[in-house]
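**Q** Sequence:
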Amino acid sequence: MLIPSKLSHSSRLQHVVVRSRLLAVLEQAAQYPLVLINAPAGYGKTTLLSQWAENQQNLGWYSLDESDNESERFIAYFRAALARATHQENCPTTNPAQTNFLAALSQLLVESNRFKPHFFVVIDDYHLIDNNEIHEGLKFWIKNQPQNMTLILISRSMPPLNLANLRVQELLLELDITQLPFTHDESRQFFQGRIDPEPEQEALSEQEIHRLCDQVEGWPTALQLVNLYARQHQTSLHEAAKSITKINSNHISEYLNDEVFHNLDADTRLFLLRCSLLRSMNEFLVEKITGLPDSRLRLDNLVKQGLFVYPINIDQQEQWWRFHPLFASFLTHSRELTLPELQRLHQQAADAWLEIGYATEALYHAIQLQQPETLLALLQQIGWQLYHQGELKLLEESLSAVQFQQLATYPRLVLLQAWLLQSQHKHHEVGGLLQKFSAAIQQQNIDIDRQLQAEFDALRAQVAINAGDDQTALQLATTALQYLPQEKQYAHIVATAVIGEAQHCRGQLNQALKMMREAEKLAQQNQAYHHILWSLLQQAEILLAQGFLQTAYDILDKATLLVKKQHLQKLPMYEFLLRLKGHILWEWYSLDKAEAMAEAGLEVLANEADKLQCLSLLAKISITRGNLDNAERILRHQRSLLQTHHYHNDWLSHHNEAELLCWQMKDDQQQTRSWLLQSDRPAQDTNHFSHRQWRNIMRANIILQQYEDALLLSEKLISTARTYNFISELNKDLVLYNRICFLQGNAVAAQKSLLEALELSKQTNFISIFVIEGEIMAQQLRQLLQLNILDELLTHKAQFILRSINQYYRHKFAHFDETFVEKLLQNPQVPELLRISPLTQREWQVLGLIYSGYSNEQIATELQVAPTTIKTHIRNLYQKIGVNNRTESIEYTRHLLTLMGYSN
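Here the sequence shown is numbered in my numbering, starting from 5 and rising by one per residue.
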């Protein structure tokens with residue numbers, strides 16, 4: 005008697021993700037004699053076919069188990085499945101025990117040919133068949149089956165049925181591991197169908213679903229086990245998704261052990277466990293780690309068996325493989341428990357990777373060895389190579405695995421660790437490391453020759469320049485160049501670059517630029533890519549200080565190409581590159597692009613403390629947009645970082661600038677006064693960050709209405725900027741000097757400084773430094789435009805700046821939205837005439853744009869109406885509010901805004 009359940013597919017399809025893209029492929033099944041769905045366990049093969057089968061009329065289903073390897077049993081169930089598909093009685097005409105397998109199939113071919121409509125037969129779990137007679141019989145069937153039949157095989161492995169010929173003739177429809185994983189959208193549908201109806205259930209966000217899908221590479225079973233974990237542990241899907249590692253070690257491991265690993269022979273299990281030591285593998289590596297000469301054949305067989313082994317990077321010369329990440333995790337756990345030879349295997353793996361030139365993988369295995377001397381010897385051999393390739397995290401992990409007492413016996417590795425810290429902006433840790441090493445030299449009698457000492461001097465010079473001690477830096481770098489051997493090109497590059505930085509700090513911009521170009525040349529000759537990058541960034545900063553922003557940006561584009569070509573995105577310097585671009589874009593009032601650069605910079609940095617600079621830029625962007633709430637949120641975050649970390653003066657001056665701009669917008673004298681009392685006063689103003697800090701102090705004095713102090717500072721800064729040709733700083737100093745003069749009522753000096761600042765902006769193309777000065781700047785620009793004293797270029801620039809300033813006010817009130825007008829009319833101090841004759845919504849818009857400095861033509865363009873219509877609106881609103889001209893309407897609007905708490 006046949007078991008009925010083996011002859012039917014699942015009909016319990018509630019909460020099943022409807023896989024429309026794959027069902028659309030299966031709709032073509034009738035055009036093919038054979039359909040093969042081949043993938044490892046848990047990819048939803050049977051569920052997919054069950055969905056598709058629901059809409060098929062002439063279909064038979066045969067679900068295999070281990071007992072179906074007997075030919076007689078197979079033919080009995082296959083006949084029954086055929087009978088269901090063709091709607092015939094299942095009455096065998098001969099005794100199966102007295103008929104050979106091929107003869108029985110021949111008889112079924114005769115019977116099935118009587119049925120004329122198209123029909124389908126599905127055989128599920130065909131990978132369970134290892135009876136060659138059945139394989140040969142099925143080959144015979146496929147070759148001779150009726151034209152109106154499609155045979156569908158579901159298997160975890162590739163069946164030995166000579167499928168190549170069918171592929172060539174395009175007679176085979178296949179779905180495999182490349183198509184069956186869940187997409188992001190299917191993963192979202194999966195979890196939406198499983199959200200607990202209880203109100204406290206927390207749904208997964210779109211981003212969490214995408215990340216989880218990518219993490220398990222779309223394996224449906226893994227997602228199902230996340231859901232199972234949530235139910236068993238009475239937690240939310242949100243918490244379960246965060247616990248994927250725990251889920252993997254429990255549910256998924258159990259599934260893989262029962263469904264996959266347990267069914268393999270001992271030799272295959274051992275082969276898999278050894279191979280799992282490799283994060284990716286080729287034939288050479290597998291032979292080295294397993295000692296087996298037929299590794300390629302074994303790997304190909306594993307792929308055919310569907311054992312979560314995938315071929316990658318296939319070309320004519322070389323083939324690589326890798327495990328599915330969840331299967332690799334399972335094998336790692338099993339390996340740690342069952343393989344006593346791990347240390348030997350890691351040593352073999354390290355040697356093998358090094359032999360074929362993959363230093364990073366060799367180092368990974370050397371770390372696992374727990375043999376410091378072996379690790380140190382390997383680092384001595386490849387450490388600097390990895391440093392130049394930007395593998396900083398791996399180097400940090402490797403060096404941290406060794407006690408410093410042992411590391412100190414390898415002075416060049418101490419030097420490497422110091423440079424590693426330096427490149428990660430851990431400047432104070434560099435100094436501590438060098439002090440520690442100096443003590444170790446005496447305690448352990450470590451010999452340091454003069455040439456190696458010169459290399460350390462080059463590093464100490466870099467530490468000194470980072471600490472703001474340009475004099476010591478210059479002395480150390482100059483001394484280092486005297487004693488460095490010619491072959492130590494890396495130290496030559498460093499010392500040259502430090503001299504350039506020291507000159508930059510001293511305001512010697514032309515000499516600094518020359519040295520940085522020399523450093524770039526040396527770095528290019530030695531393929532020291534991160535120093536090429538550093539010298540380019542320094543050149544951009546110098547050019548920025550000289551006011552050549554477009555040239556600086558072009559240099560940064562060149563640096564970006566270098567980063568992409570040499571894959572230097574892991575370097576913290578990449579954040580510096582992105583941030584410099586962001587600063588220039590902010591100066592040009594390209595706020596969206598500037599924000600994108602700052603956000604990208606944050607993504608580069610793993611350490612929260614290193615994010616201060618990008619956060620300063622984001623705060624300035626928010627301030628420029630008029631979004632003070634967001635700016636304040638960012639600044640609060642920065643304040644918390646400042647409480648727990650120490651920062652260079654350059655970083656602090658950027659943060660202080662954002663703080664003061666925010667306080668200026670809010671007229672917050674209390675915070676400003678507190679800051680001014682505690683602020684750092686730089687010893688000089690001849691570099692970009694000390695100059696910026698003095699300008700911050702000047703702005704603080706302006707906010708506090710201490711105009712005389714601010715005026716003295718501004719005159720000193722402007723003089724320095726002129727002397728050293730700091731064009732960008734001079735442009736900013738003049739704008740702030742203009743603010744002082746305006747607030748003091750010195751209209752002549754204010755106009756003169758503004759005209760010079762605008763003239764300089766022809767070179768710098770600065771926009772935002774004018775925009776952030778708000779209404780004070782807007783009033784003066786309107787006056788300049790009315791006086792018609794600007795040339796054509798500056799007229800367009802002034803109009804653009806004015807419109808940009810207005811964007812801030814429109815963000816708050818310029819278009820006078822309904823909410824604002826409603827609150828305004830509720831104010832008891834609002835003019836009575838406005839209550840009696842309320843403005844229409846369009847008239848409010850026109851009034852806001854008049855206040856914002858728009859001409860009639862500009863208002864017409866903004867509101868997309870005819871200029872004559874605008875004249876009518878203006879005449880009506882003048883009559884309603886009782887004014888006679890634009891000047892009176894602007895004063896009237898300013899009065900309304902003051903009533904609502906908006907200051908100039």
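Hints are computed from structural coordinates only; laboratory data are not their basis. It is possible that some hints are incorrect.
To be verified - Between beta-carbon pairs, the in silico distance windows are:
| id | residue 1 | residue 2 | range |
| --- | --- | --- | --- |
| 1 | Q196 | E76 | 28 to 38 Å |
| 2 | K597 | Q196 | 51 to 61 Å |
| 3 | D298 | Q490 | 46 to 56 Å |
| 4 | Q748 | E895 | 14 to 24 Å |
| 5 | Q448 | T555 | 27 to 37 Å |
To be verified - When the alpha-carbon atoms are kept at most 30 Å apart in a straight line, the in silico BS3-like pairs for lysine-lysine are as follows:
| id | residue 1 | residue 2 |
| --- | --- | --- |
| 6 | K492 | K562 |
| 7 | K766 | K518 |
| 8 | K562 | K308 |
| 9 | K574 | K562 |
Yeah, the Cβ is synthetic: ideal placement off N, Cα and C, and Gly gets one too.
**Q** Could you run down the list of hints and mark each one as holding or not?
**A** Here is how each hint holds up against the structure:
A beta carbon spacing of about 47 Å between Q196 and E76 contradicts the range 28 to 38 Å that was offered as a hint. Between K597 and Q196 the Cβ separation comes to about 36 Å, which falls outside the hinted range of 51 to 61 Å. Between D298 and Q490 the beta carbons are some 51 Å apart, a value that agrees with the proposed interval 46 to 56 Å. A C-beta distance of roughly 21 Å is found between Q748 and E895, which places it inside the suggested range of 14 to 24 Å.
Range check, Q448 to T555: about 51 Å between beta-carbon atoms, so the 27 to 37 Å window is missed. About 26 Å separates the Cα atoms of K492 and K562, which keeps this hinted pair within 30 Å; it holds. Under the criterion of a C-alpha separation no larger than 30 Å, the hint pairing K766 with K518 is consistent with the structure, at around 25 Å. Under the criterion of a C-alpha separation no larger than 30 Å, the hint pairing K562 with K308 is inconsistent with the structure, at around 47 Å.
A threshold of 30 Å between alpha carbons decides the hint, and for K574 with K562 the separation of about 18 Å falls inside it, so the pair holds.
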